[in-house]
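> Below, each chain spelled out in residue letters.
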Amino acid sequence: MAASALKFERVTLVGVGIGLLSFALPFLTLKPNRLVQGTSFYVWNVLLPHEITLLFVPWCLLILILLRYSKHPSIPLIAGATGNLAIIVLFLLVGQAAGRLMQFQEPFARVSIGFGCWGLVAGSYVLIINGFQKGAEYGILRYIAAFWGLLGLVVLLSTGYLNELSVLKEYAARKGRFLQEFGRHVRLSGIAVLLAVAIGTPLGVWSFRKKLLEKPIFFLINGIQTIPSLALFGLLIAPLSLLSFRFPFLREMGVKGIGTAPALIALTLYALLPITRNTFTSLSVIDPSILEAARGMGMNRMQLLLDIQLPLSLPIILSGIRVSMVQAIGNTTVAALIGAGGFGVFVFQGLGQAAFDLILLGTIPVILLAIFTDRLMQLLVVALTPLGLRSATESVR
Amino acid sequence: MIELRSVTKKYGDRSAVKDLTLRITGGEVCVLIGPSGCGKSTTIKLVNRMLEPDEGLIFVNGKNVAHSRPEDLRRRIGYVIQYIGLFPHMTVAENIAVVPKLLSWERQKIAARVDELLHMVGLDPGEYREKYPHELSGGEAQRIGVARALASDPPVLLMDEPFGAVDPLNREILQAEFIKIQKELKKTVLFVTHDLDEAIRIADRVALMRDGALVQHETPENILAHPLNRFVHDFVGTDRALKRLSRFSVSKAMREGYTVSVTEYPARVEHMLKRDSWIRFIWIVDERGMLRGWLDTRDFVAFGGSEEAVTELQGARFGVREDATLREALSRMLAEGVKLLPVLDRNGRVVGEIGLKDIEKVTEEVTDRWKD
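Here the protein sequences come in this chain order: A and B. Those letters in the first sequence? Residues 1 to 397, per the numbering used here, in order. Those letters in the second sequence? Residues 1 to 372, per the numbering used here, in order.
These are computed hints drawn from the structure, not numbers from a lab. Bear in mind that the values here come from a model prediction, so they are computed numbers and not experimental data. Think of the CB as a built atom: it goes at the ideal place given N, C-alpha and C, for glycine as much as any other residue. Errors might be hidden in some of the hints.
[As the list claims (entries may be wrong)] In silico DSBU-like links for lysine-lysine, alpha-carbon gap of 35 Å or less:
| hint | chain 1 | residue 1 | chain 2 | residue 2 |
| --- | --- | --- | --- | --- |
| 1 | B | Lys10 | A | Lys210 |
| 2 | B | Lys180 | B | Lys357 |
| 3 | A | Lys211 | B | Lys186 |
| 4 | B | Lys10 | B | Lys186 |
| 5 | A | Lys210 | B | Lys339 |
| 6 | B | Lys339 | B | Lys252 |
| 7 | B | Lys252 | B | Lys186 |
| 8 | A | Lys215 | B | Lys10 |
| 9 | B | Lys101 | A | Lys210 |
| 10 | B | Lys18 | B | Lys186 |
| 11 | B | Lys183 | B | Lys361 |
| 12 | B | Lys63 | A | Lys210 |
| 13 | A | Lys211 | B | Lys18 |
| 14 | B | Lys131 | B | Lys63 |
| 15 | B | Lys10 | A | Lys211 |
[Unchecked claim] Looking from chain A toward chain B, a few residues come up when the C-beta cut is under 8 Å (computed):
| hint | residue |
| --- | --- |
| 16 | Gly183 |
| 17 | Val186 |
| 18 | Val285 |
| 19 | Asp287 |
| 20 | Arg295 |
| 21 | Gly298 |
| 22 | Gln378 |
| 23 | Val382 |
[Unchecked claim] What the simulated footprint calls covered on chain B by chain A, stretch by stretch (three residues with Cβ under 8 Å from a Cβ of chain A suffice, anywhere in the stretch; the number is not a length):
| hint | segment |
| --- | --- |
| 24 | 61-74 |
| 25 | 297-307 |
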C-alpha cells in the first residue's frame with residue numbers, strides 16, 4: 001500500500017513539476033509572417049495579473065491534492081480531472097492572449113504556441129493518463145473524469161475562439177484539403193490493417209500448425225519491419241511502375257509506381273508483423289491439455305479452431321490488431337511522400353516551407369487519431385474477451 | 001468391451017507398445033500400470049485414435065476403431081485426462097454440454113443431462129452450472145472433467161491419470177466417488193495410473209506393463225498374491241501382503257462370535273461355558289445389541305462370575321465395521337494391542353468377530369516365489 005502511494009506521488013509529482021516549470025518558458029511566439037523568426041512572449045508579457053492567477057488556479061489545486069490526500073485510490077483520477085481543467089483554462093487564455101497580440105499586427109502575422117504552452121499541455125497529459133490508468137475501478141466515470149476537457153476543447157475550436165492561432169489559420173486556409181486528407185489517411189491505414197488482418201491471421205494460424213513454416217514466415221515479416229518506411233515506399237516504385245507499364249489493365253485499376261497502390265502494399269506489409277506474431281503466440285500459449293481434451297471429445301480441426309482456439313486467442317489477436325492500427329496511422333504519414341495523400345501532405349509541405357505550424361496541422365490530428373484508435377481498440381478487446389477469461393486478463397493488466 | 005490384438009506403436013526405432021494383446025470385459029475397470037515410459041499412456045491413446053497403431057487391431061464394443069472416423073469414435077468414448085483441460089471460456093454447463101452438442105442433442109435434453117451429471121458427481125447444479133473453470137477448486141474441476149466425459153453416456157471410458165494432479169486427500173475422496181459411480185453405471189473403463197494404491201483400490205483387473213509389453217493381467221488380489229516374476233514382485237513392493245488386505249472386506253473373513261446381553265449376565269455365560277468350555281471371549285451387548293464390553297472367560301472363572309470380570313467399553317469405538325477392509329482391521333488390532341475384534345454393522349450392533357488368525361488365512365495365500 002505504501003509503495004503504491006509512493007509511486008502515485010511520483011507520477012503526479014512529475015506532471016505537476018513539468019507544468020510548473022513551463023510557466024518560466026516562452027508562452028507564445030509572434031512572427032510578422034509565417035516564415036521569419038519570431039519574438040517570444042512570456043506569461044507575464046501577454047497576460048493580465050488576474051489572468052495569470054486564473055492560469056495558476058488548477059495547478060495550485062494540484063499542489064494541494066499532492067500534499068493532502070496522497071493515499072486515496074481516487075486521487076490520481078481527481079488529479080487527472082484537474083489536469084483537464086488546466087488545459088481548458090490554458091486554451092481560454094491562449095485565445096485571449098493571441099487576440100491581444102494580433103490586434104495591432106498585419107494580416108500576415110502569426111501567433112504560435114510556445115514551449116511554455118506545450119509544457120503545460122504535457123504536464124496535464126501526464127496527470128490525465130496517470131489518472132485514467134489508475135482509476136480503472138471507477139468504470140465509466142473514469143472516462144468522463146479523464147477526458148471531459150476534450151469536450152471543452154472542441155467547444156473552443158468550434159466557436160472560433162482560437163482562430164487567431166497560427167495552426168488554425170493554416171487550417172482555415174486549407175479547410176477542404178484537410179477533410180480530404182483526413183479521409184484518405186483513415187482509409188489508407190484502415191484498408192491496410194484490414195488487408196493485414198486478412199493475410200496475417202491465416203499466416204499466424206498456418207505457422208502455428210506447420211512448425212516448419214514458422215521460421216521462414218517470421219524471418220520474412222520481421223525483415224520487412226526492419227526496412228525504414230521511406231525506403232520501402234521507394235523500393236516499391238520501380239517494380240510497380242514496371243508492372244503497370246507492362247499490363248495496361250493494372251494501370252486502369254490504378255496501380256502505379258506512386259500513389260495508393262505502393263502505399264497500401266507497404267502499409268499492409270508493416271501491419272503484418274504484430275497481427276501474425278500475436279496470432280501465432282496466442283495459439284501457442286493455449287494449454288495443450290485443453291486441446292487434447294477437445295480433440296479427445298471428438299472435435300474436428302474446424303470445430304477446434306472456431307470453438308476453442310480462436311475464442312481463447314481473440315484478446316491477444318485483437319491486441320495485435322490494435323498495435324498494427326496505431327502503427328499504420330503513424331506510417332501513413334510517410335506515404336504522402338509517394339503521393340498517396342493523408343496528413344503527411346501537410347507535414348511535408350510544412351517541412352518544405354519551414355512552416356512549423358503547417359507541420360503541426362499534419363501532426364496533431366495523427367496523434368489524436370492514434371490515441372483515439374488505441375482507446376477504442378482497448379475497449380473492444382475487453383468487450384470481446386470471453387467472460388471466463390476476463391478476470392485472468394484483468395489481473396495481468 | 002475393449003480389445004487390443006497384437007498392437008504395436010513405434011516412435012522412430014523405439015517401440016512404445018510392443019505386440020500388446022489385452023481384453024477388457026464389459027463393465028470392468030482395467031487399470032493400466034507400470035513404470036514411466038512403459039507405454040501405458042500410449043496404449044490408452046490408441047483406443048480413441050489420438051494415436052494410430054503401426055500394427056494390430058483395436059476393437060471397442062466389437063467394432064474395429066479404424067473403421068470409424070476418429071471424431072465419431074471419440075464422441076462415443078468418454079475421455080478424462082490428468083490436467084482435465086476444461087475450456088476456460090465456457091461455463092461448467094457449457095463444458096459438460098460439448099459432446100451432446102457435437103451429437104446435436106436437443107437443448108432441453110442437454111440441460112437436463114447437465115443437471116443430472118452435476119448431481120451424480122456431487123455438485124449442486126444451481127450453484128455450479130454458471131461457474132467458470134477458474135472459479136473451481138482442483139477437486140471440483142476434476143469432478144466436472146468426469147461429468148463431461150460421461151455427458152453422452154458413452155459405454156466406454158478412458159481415464160489417463162485422472163486424479164494424478166490432485167492432492168492426496170482429495171484423491172482418495174475422488175477415488176471413492178468414482179468407485180460409487182462406477183458401481184452404478186458399470187462402464188467399461190481403461191484407467192491409467194502410476195499409483196499402485198489407486199490401482200488396487202479401484203481396479204477389477206490390473207494390467208501391469210513394462211517396456212511396451214503386458215507383463216501380468218490379473219485381479220489386484222491375485223497380482224499381489226502371486227506376482228508372475230521378479231519385476232512384478234518388485235513393482236508391487238515388499239508390503240504387498242498388507243496392500244492385498246485392502247482388497248478384502250471384513251465381512252468376507254469374519255466369523256460368528258459369542259454375544260451375551262447384559263440382562264442375561266452371568267447366568268447365560270455359565271450356561272454357555274458348561275456346554276462349550278473352550279470359549280475364550282464373549283462380547284457383552286445391551287438389549288439393542290450395541291457393544292457394552294467384553295469378557296475373558298478365564299477372568300469369569302477367577303472372579304467367580306462377578307460383574308468385575310467384564311471389561312466395560314465406552315461407546316462403540318472398539319471393533320471394526322463389517323464394510324471396513326482387512327487392512328483397517330489389522331491396523332485396529334495393532335493399535336489396540338489385541339488379537340480379536342468385534343465386528344459391528346452400520347448401526348453399531350455386534351454381528352461377529354474377526355481375529356488375527358482370520359486375517360492370516362488371507363495373507364497365507366500370498367506366494368513367496370515367482371517364475372523367472
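> Hint by hint, which ones does this structure get wrong, listed from lowest number up?
3, 5, 14, 16, 17, 18, 22, 23, 25
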